[in-house]
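Engineer: Protein chains in written order, with this note's numbering: chain A, 209 to 561; chain B, 60 to 504; chain C, 69 to 362.
Don't take every hint at face value.
To be verified - A short, non-exhaustive set of chain C residues, derived as facing chain A with CB atoms under 10 Å: (1) Leu164; (2) Val165; (3) Gly172; (4) Gly179; (5) Ile184; (6) Ser186; (7) Leu301; (8) Ile344; (9) Arg352.
None of these hints come from the bench; they were simulated from the model.
All values derive from a computational prediction rather than experimental measurement.
We put the beta carbon where it would ideally sit given N, CA and C, even for glycine.
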Amino acid sequence: MSVATEPRPRSPLSPGRVSSGDARRAVVIVALLAFVLFAIPTLLSVFWLKVLTGAAIYSIVALGLGILMGRVGLVSLGQIAVLALGAWVAAKLFFDTGLPFPIVLLLSGLITMVLGTFVGLPALRLGGLYLALITLMMAGAITVVIAATDFPNGGPGFLAHVESSIGGGDQVRRPAIAETDPAYFRYTVIVTALMFLVALWHVRSKAGRAWEAIRQSEPAALAAGVNMTLYKLWAFALASFLTGVAGALLAANVGDLFNYQFPTSQNITLLAVVLMGGIYSLWGAVIAGLLFRYLPELLDSWNLPADLLTILFGIGVLQVLLTAPAGIVEQFPKDMARLGRAIGRLVGIGRSR
Amino acid sequence: MSDKLLSGRLRHIFMLAALGAGFALFLVACGGDDDDSGGSNANVEVKETVAASDCGPKAGEKATGTPIKLGALATKQPGTDFSEIPRMTEAYFKCVNDNGGINGHPVDYVIETEQTDPGQAASQARKLIESEKVLGIAGSSSIIEADVNHKYYEQQGYYVIAAGIAPSAYGTSNISSVNMGPRYSSDGATQALIRKKVKKIVLVQSNVPGTEYIQEGPELITKAAGLPFEGLKENVPIQDANSVALKAVQAAGDDGGVVLNFTPPEALKILQAAQQQGLQDRVKWGCSTPCNTDFLAKALGDAWDGKLFVNAELNLITADAPDSNLYREVRKKYAPDIPLGSFSQMGFIMGRIATEALQGVKGEYTKDSVNKAFLDVKDFKTDILCGPWYYGKAPLHLPNNIDRTVTPQGGTMVENEDCFPISDVDPAIKQVREIEAKDPSLIGK
Amino acid sequence: MPSWDEFQPFIVTGLALGGVYALSGVGLVVLYRATGVLNLAFGAVGAMGALIAWELINNAGWDDYPAYLMCILFGGVVTLAYGLLFGPPLANRDPLVKATASLGLALILLGTMSWIWSDKARSMVLPTSNENFMVSDVLVNYTQVIGFAFGVVVTFATAAFLRYTGLGTAMRALANDREITATLGVPVRRVEAAAWLGSGLLAGVAGLLLSNLVGLDATTLTFLVISSLAAALIARLQSLVVTLVAGIVVGLVNALITPILSISEYRDMTPFVLAIVALLWLSRHREISISRSA
Chain A
209 MSVATEPRPR SPLSPGRVSS GDARRAVVIV ALLAFVLFAI PTLLSVFWLK
259 VLTGAAIYSI VALGLGILMG RVGLVSLGQI AVLALGAWVA AKLFFDTGLP
309 FPIVLLLSGL ITMVLGTFVG LPALRLGGLY LALITLMMAG AITVVIAATD
359 FPNGGPGFLA HVESSIGGGD QVRRPAIAET DPAYFRYTVI VTALMFLVAL
409 WHVRSKAGRA WEAIRQSEPA ALAAGVNMTL YKLWAFALAS FLTGVAGALL
459 AANVGDLFNY QFPTSQNITL LAVVLMGGIY SLWGAVIAGL LFRYLPELLD
509 SWNLPADLLT ILFGIGVLQV LLTAPAGIVE QFPKDMARLG RAIGRLVGIG
559 RSR
Chain B
60 MSDKLLSGRL RHIFMLAALG AGFALFLVAC GGDDDDSGGS NANVEVKETV
110 AASDCGPKAG EKATGTPIKL GALATKQPGT DFSEIPRMTE AYFKCVNDNG
160 GINGHPVDYV IETEQTDPGQ AASQARKLIE SEKVLGIAGS SSIIEADVNH
210 KYYEQQGYYV IAAGIAPSAY GTSNISSVNM GPRYSSDGAT QALIRKKVKK
260 IVLVQSNVPG TEYIQEGPEL ITKAAGLPFE GLKENVPIQD ANSVALKAVQ
310 AAGDDGGVVL NFTPPEALKI LQAAQQQGLQ DRVKWGCSTP CNTDFLAKAL
360 GDAWDGKLFV NAELNLITAD APDSNLYREV RKKYAPDIPL GSFSQMGFIM
410 GRIATEALQG VKGEYTKDSV NKAFLDVKDF KTDILCGPWY YGKAPLHLPN
460 NIDRTVTPQG GTMVENEDCF PISDVDPAIK QVREIEAKDP SLIGK
Chain C
69 MPSWDEFQPF IVTGLALGGV YALSGVGLVV LYRATGVLNL AFGAVGAMGA
119 LIAWELINNA GWDDYPAYLM CILFGGVVTL AYGLLFGPPL ANRDPLVKAT
169 ASLGLALILL GTMSWIWSDK ARSMVLPTSN ENFMVSDVLV NYTQVIGFAF
219 GVVVTFATAA FLRYTGLGTA MRALANDREI TATLGVPVRR VEAAAWLGSG
269 LLAGVAGLLL SNLVGLDATT LTFLVISSLA AALIARLQSL VVTLVAGIVV
319 GLVNALITPI LSISEYRDMT PFVLAIVALL WLSRHREISI SRSA
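Input sequences plus hints: build the corresponding full structure.
Structural biologist: In structure tokens:
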């Protein structure tokens, strides 16, 4: 059940071997990371830093969904609900235990992973469209439960909910080393980079190759002896882990959690941006996060209505599915290259006519 | 391979063009503007004895001094859009700028919006104060920002004038609102129904955070009157209004009262479902202030004439009095796309308060002088409010604590009960009355 | 636990709600049976049609019935245009891809609606909503009856159409395998167009009815399709009759939970829980997947 039939990701290398291409990419990435961590906080205002923090968080969520869709060919329309679960777990952990923030991050990821796998297990026997729809149903159900029970904020009992009072309280407090907005931005970017590393490691591993086989052809993979259920579950587990960590980061970023921060409609928007960003490359997730959180604020600063964005995402989905299945991340360089060639021809350099 | 891509590209371009053309066609055909300012104006053609030039001291003269920068933050997202409140404040400032400004200075107004994301609300406040460097904040209206930002305002020394919704818009030192918010407005609706001799009160609210806080007030008032009380919550947007209406009516029982606290579109669903099931006479129906809009009155039709009792935090939009007339003039001239209703009235008053406060500033306009001016506002009289508005140094602010009741009649809202005080059974109201008693100059006594 | 008297009126509202779910669910399955596309923009199309009708009546001074006709026509034209433009290029792709593409259409329509008609309290009352009659102590209005009856009629008429007519059979063959059907000499494009047009007109009518039964609100009507999907899923997107029955059952259960105050807040979960349970139960022995052979 592949979402798109055309391009394949670059063939994963066997583990242990690092090519020169890899080394070059690593240098570029480290340089980029350094720029983001050290230069950007000085260049941007606190407002835009907070926006980018949100973009980083949602890029982790997009990463999970992108792996599911691009590597294994599974569509989940419930990742925002999983994000809400992750935030819920983080809030509960925060109030019930005095654990330090990094441990809360890790545990949120792990617990959400267990929940996600548990929920995914029976659903995995369903294929393509049914899986997508059942995840949508689950998202709807989880959204209703959270609306009815609200997020934990320090009260008694398992649901740990105290009726809201004037001023509210912070649901998950930030780590002591990263309490200010710029510091939390750096913290989030580092965690995001770590999550991408985790994803990359998975893609290069045996699981990644199994996923590739499943994505190409399920019957063939089955015939080759690939344990489909195990590897599909693994993908779900990874996506849930990533999203759980993102949920904890989100909880500490905003300080207050409300059920209307995770509307069911956002699952569809997430799908749109993940498709547009590109599901075959991990960089696509970064673009997706920027589309999800940065672009709306950009439009708003230009006094354009947010509805324009909804329309844009709709067109984007259609465009990607029709003509550019690899998304912006591959299409943009191609378009730029084509533009460059066109300009070159105009100016007379390059291949002569 | 490349051929296939190319034809796909062409088709892709055609598709976009077709879509674009189709929508352009519809936009043209539908004539865009649906906020029927023309229609609802027809009911409100009161003799205009004021001109828009009354906004400022020098009629017709554009202000040219250094601008005074002010800002506001409002919730704006599908389903919840309060941005017309600061936009009306902006319209008033435009009028002021066209007529002499504030001691010759024009107002430079910045409106930011948020989508009920606490992180975003926090960053927008910082954007206003640290990036845009606004000297004061007046005109804000947000579901959450008061809760998220009130401590920040305290740290920064800003005294915000808002049309609040979150509890902190009424219960903190650095925010004072021109309205009374969902809890006290529901109090007022409850009191109105109790006066109509209902045997039980059922409060139905949309299930968003803050419901327990809102419910507390009406519950205390109902119990103090010796009547039973029940609180219900419904998820929005409502898909099954029939069941919601039925459930509320069943809970209230015959001769009971149902108070709704919803945004107008959701309240309309419930009320229409109630009417279609013939339930509008089984119980008495009340609504908090969001229902106070002619748009709703028109949509309800005459089946509801005199049957819905809406708590009105502000005077009728049809009132014939100086500020109300000026409000309609300014709206017509500077913001005709914003409908008449309590939202734009609130925006207007905030503009008036801020302008008058700032006109009293002697010397430079700085963050400190602007905020001191806001803090010092007392005994601000306007016919749009029942009582004088004030700020002052206090741990909480509820200057608008006297209300009217209105009811739909022939497509508009008309007055049903004149100004009455909100019951001080609600502890915050009691506290505020004590503050007023200690310093009567706040309300001009 | 509420008494029988208190439950009784909720049976009526439950049937009304069930009619709503059944109507949308049947609309979804009808197109799926005929073209292999799950059109998740069904609700959005209907919503926009209803808003256009509202606009024509309230701001352009049209009479009621011509405006309603425009709504229905709009539904047909937009869906047909989408089908003609995006049907063929996606025809050989996975049903999942086709459904995802329809989400793109839904987003475009939703954004357009929010832009043109910002969120206000709007109402467009069909004449039948004001006529009503009593059924054991509960008022039922004719729009509810029409909604319910329409769902039933469409179900059986379409089932018969698909089974017994030439065009219907062609549609089923098309959904099954487009290429083979084409080689058999069936005018594929025309059959497809007919299916899209029919489904679009259905969406327009549903939009009109739902604007009265649920509310004239772009977001609500667009996302109503998610709850209606439950009925379609229970029928595994195959049987129209099962969709109809499932929709009614979901509506009934949802409404009947309303007076049980301890779980009333959770009642909106009903469609989702029932769909999940039904799907998992139905797949317990074997893998269900949708290949190109629907």
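Engineer: All hints are to be evaluated individually against the structure, with a verdict given for each.
Structural biologist: Consistency of the hints with the structure:
1. For C/Leu164, the interface hint holds, the least distance from its beta-carbon to any beta-carbon of chain A being 4 Å, beneath 10 Å.
2. Annotation: interface hint on C/Val165 holds; nearest CB of chain A at approximately 6 Å, less than 10 Å.
3. For C/Gly172, the interface hint holds, the least distance from its beta-carbon to any beta-carbon of chain A being 3 Å, beneath 10 Å.
4. Of the supplied interface hints, the one on C/Gly179 holds, with its beta-carbon coming within about 3 Å of a beta-carbon of chain A, less than 10 Å.
5. With its C-beta approaching chain A no nearer than about 9 Å, C/Ile184 sits inside the 10 Å limit, and its interface hint holds.
6. Hint on C/Ser186 holds. Least Cβ distance to chain A is approximately 9 Å, under the 10 Å limit.
7. A hinted interface residue such as C/Leu301 counts as satisfied when its beta carbon comes closer than 10 Å to some beta carbon of chain A; here the least separation is about 6 Å, so the hint holds.
8. Against a cut-off of 10 Å between C-beta atoms, the interface hint on C/Ile344 holds, since the closest Cβ of chain A lies about 5 Å away.
9. Of the supplied interface hints, the one on C/Arg352 holds, with its beta-carbon coming within about 8 Å of a beta-carbon of chain A, less than 10 Å.
In terms of the numbered hints stated before, the structure departs from none.
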